[in-house]
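Residue numbers (the numbering used here): 1 to 179.
What the hints contain is simulated information worked out from the structure, not anything from laboratory work. Among the clues, some could well be false.
Here are the in silico distance ranges between beta carbons for each label pair [as the list claims (entries may be wrong)]:
#1 Arg77 <-> Glu139: 54 to 60 Å
#2 Arg138 <-> Glu37: 17 to 23 Å
#3 Phe94 <-> Glu23: 39 to 45 Å
#4 Ile65 <-> Cys163: 25 to 31 Å
#5 Glu15 <-> Cys163: 51 to 57 Å
Just so you know, even glycine gets a beta-carbon here, dropped at the ideal spot from N, CA and C.
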Amino acid sequence: MSWPPDFDELGEVTEANARLILEEAKAFLSATVGDAEQLTRNSLYVLGAILALLSALAGLIARGINLHVSLTQQDWRQLTVYGVLFGFVALTGFRLLQGAFQSRDIEHVGNAPENLVRKEYVSLPHGTLLLLEACSYRERIQRNVARNIDTGVAINTAIKWLCATPLIFAACSLAITFT
1 MSWPPDFDEL GEVTEANARL ILEEAKAFLS ATVGDAEQLT RNSLYVLGAI LALLSALAGL
61 IARGINLHVS LTQQDWRQLT VYGVLFGFVA LTGFRLLQGA FQSRDIEHVG NAPENLVRKE
121 YVSLPHGTLL LLEACSYRER IQRNVARNID TGVAINTAIK WLCATPLIFA ACSLAITFT
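Could you put the whole structure together from the sequences, leaning on the hints where they help?
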């Protein structure tokens, strides 16, 4: 069946059928809002891990700098490894911020009164009004699902990049050791 449904295809729209469709649409929309809230919490946890790792790397960089010798005598090989890791983790955090914390225009349940009080709506049967409201929820559901997918991709990418950090550290350390 195509969406929005053709009323001729559905036959007689009873108020009970329309109410059932509307309740299901509301429940699904509420679930997408709940998913968005959980994804935001997960994003904050990953961002916290990124900030902790950045703090540790900043401490290693500060510890590696010897203030008693000139710049030319610093251990630049070790500082370069820490600097590369710091940049990589900072880039991961930036990517997470871009993907997961963009303006979060999540669509919630309900309709604004000015959208409902219209001349063409007042003359329609109650069952048809309920079905039209369910159709408007479908668009919101699609937008929420798309936002949730984008946020989930950003979180998963950040986690994968964080998991790659030890490998990058090992590769940089080995490269510096053998040069």
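Now for the hints, and whether the structure bears them out:
1. Arg77 <-> Glu139: 54 to 60 Å: holds (56 Å)
2. Arg138 <-> Glu37: 17 to 23 Å: holds (21 Å)
3. Phe94 <-> Glu23: 39 to 45 Å: holds (42 Å)
4. Ile65 <-> Cys163: 25 to 31 Å: Since Ile65 and Cys163 have Cβ atoms about 28 Å apart, the given range 25 to 31 Å holds.
5. Glu15 <-> Cys163: 51 to 57 Å: This hint holds: roughly 53 Å between Cβ atoms.
Going through the hint list in order, the structure satisfies each hint without exception.
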